[in-house]
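Enquirer: Can you make the complete structure from the sequences, with help from the hints?
Under our numbering, the first residue of the sequence shown carries the number 2, and numbering increases by one thereafter.
Since the hints were made in silico from the structure, they are not lab data. Watch out, some of these pointers could steer you wrong.
Unchecked claim - Think about it this way: if two alpha-carbon atoms lie no more than 25 Å apart in a straight line, the pair counts; the simulated BS3-like pairs of lysine-lysine are:
#1 491 <-> 644
#2 518 <-> 224
#3 493 <-> 224
#4 491 <-> 224
#5 224 <-> 757
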Amino acid sequence: MTLSILIVLTVLLAAAVLFVTGWLRYDLVGLLVLLALTLTGVIAGTSALQGFANPAIITIASVLVLSGGLYRTGVANLVGRQVLRLAGDSPGRLTFLVMLTAGVLSAIMNNIATTALLLPVVLELARRIDMPPTKLLIPLAFASLLGGMMTLIGTAPNILVAGIGGESGLEPFGMFAFAPVGLTALLAGILYMTLFGRRLLPSHDTGDRRGGADLWESYGLEKTLFRVRVPGGSPLDGRPLAESRFGCALGLSAIAVQRDDHRILAPAADFVLESGDWVVVEGRSERLRALQRWQHLVRDTEEEMPALSDIVSDSVAFAEAQLSPEAEIVGATLGDVGFRSRWSVSALAVGREGALHRTQVEDVVLEAGDVLLLCGPRGRLSQLGSEPDFTIVSLVHAEEAATAYELESRLHRVRLQPGSDLVGQTLAEMRLGDAFDLSALAIVRAGGRVLLPHAHIQLQADDALLIVGRGEDLAVVDALQALVIDETTKLKLADLESRTVGFAEVTLSPRTGLVGKTLKDLLFRERYGLTVLAIWRRERSFHFNVRVRGMALEFGDAFLVYGHHSSLALLAQDPDFLVLSEEVSEAFRDSRAPLAMAIMAAVILTASLNLAPIYLAAPAGAALMVLTGCLNLDEAYGFIEWKVLILIVGMLALGVAMQETGVADLVADNVLGRASALGSMGVITGLFAISVIGAQFMPTGAVAVVMSPIALSAAADLSLSPYALLMVVAVASSCAFLSPFGHAVNLLVMGVGGYKVSDYTRVGFPLVGVLLVVVLFVLPLVWPLT
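Expert: In structure tokens:
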């Protein structure tokens, strides 16, 4: 084994591990593969970069734009609705037509776009015939994958396999060269799912979350909705909801207010509370009960409040620090970067262009030039001058800080009550800063005074806390403790929905760029006026308000939102989200639908009649989609899956390396060569099995690129038809049926359907067996093995 072979095998193994574990994004994995092969000298740099000019890359990008044109003009939506309405009230007929429609559309459209378009329609039809959507969503996803097998442009593996074959001197596959095997695979898959597979799908309630009642039940809202009353004389009287701290302090979302005989649904953030209001909240009551067990933090009036200069000492001081333009924390908040724990100092205020932010300091998005008032150990403050994030650090006398920042008027002394649950807790568990925008400057106890106490210091009985913050924020602590929990009233769906307000389910669209961001980052409620009550991820829902807002979003997440229908309509226009309701859907350019269909038909005819190669016909069609107004240019770029293209470029370099170094021959000899003892059927079975296994964890395009050189080597060594073996790779690479992680269409329906990973395996394993039979017995009839 040569060094080059060892390097290529190592790179291949490392890439497989990264794909399976998901430690790195797959497009980054593709780039790393390309760099590793180039820097180790396995392939020349010019060879590695040829992937960017590969006709397959141009074709895939153009087909995605063409598919986007059909999407934005509503062609697929119109066809899907009309065909699916023929299903009547028969679950079996509906399953058949859902899969047939998705399969046919996926033959000419990107399968992710097809699934996204049909998803709301399928959900609505399932609701109308009282059929659990879990019986339809996996069939929808599987049919999209199967349908892509039918044409050259149906899926990336077909385009890539055809391109690799052409580069190897084979006659190029035509537009419908894949149709005989692909159509057979689609029909076999539809029959399997209709007659047998759908019976293996779950029908649990967690998947049935379409209308208000279904959402209410499956998300368990009856367990997380309750009422609290604002008592007379409460400091919340006259305070807007945004300042009530229901969310940050209690993890509760206020979704309605009952005032006398009037009910206000989905109140805005600036809605002003009044004494006597009953507030309907969503969340868990445990945090409110825990806050009530604190007992009141009594203002300590027995001792005179110390001056600020008496609180600081020789070891503790104030300082003003200005952020440099190159500071890494610019654009983030103090809370995001864990400012206090990172630098061991407290930020009490942020000054910016004459304005002073003294409230919610942790949430202020920092800008270059901001001046922070810091309090901390003198030695640590002096060291900040050498930090690259700070260009100016000047120590400030306590009297100057008190005057300039009005700190003494914001200094309060409170004492823990005997028997309070706070005794034994830490300041971190108390969450004064996050929940109430209050900061503990010192703890006064029998043993002396603890200045700038650490977040993990435990509170003791009779401790007095010296707190910096607004007096009204301290009053909110008392106000929340005084809320009265309604233990008896059982809320009903009818109490919270109207003609203009209700619940809906939303998921991330295939085009989203929000993966990895949080709802807090997006300012979701502020931007859309909708409240996210829960996130459904894989096999469970997450209800806690604070936790939900801080969760990094994943593709496949489903969100339960509540608000005005007008706000839902606004959300539906955002390309990052897919609202799962027919009533609230994306606006399509219906008038351009005939043009889009004509352009797509022209591309297919041009390529199938060999008037122009597909890598020229497809870009021409994509350009026409933009020129005729079916898409605008920004939308066209948005439909191109750049991450997939970058991945494929890297994997094409790996494919070249496998051929040039002999790795493809090595794998073909040692794996498929041994399978040849069972005859040509053994070779096909081995090639199919390896490709299918890879498709469960690796992007399907990457599987096609890796397996195609192996198929070509095996064909040469075993005197088999390279066309037949490449066709095996094309079919098997699209068989991402055993797990939700092999293809985005599976993830798209996973959160919406509340599926488990085992659901895919249970239903997908027999389907893979069905497709193996098609490959073994139908494929050789169309593509002879010798």
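Enquirer: Each of the hints needs a verdict: does it hold here or not?
Expert: Verification of the supplied hints:
no.: 1; hint: 491 <-> 644; in the structure: violated, 48 Å
no.: 2; hint: 518 <-> 224; in the structure: violated, 28 Å
no.: 3; hint: 493 <-> 224; in the structure: holds, 11 Å
no.: 4; hint: 491 <-> 224; in the structure: holds, 10 Å
no.: 5; hint: 224 <-> 757; in the structure: holds, 23 Å
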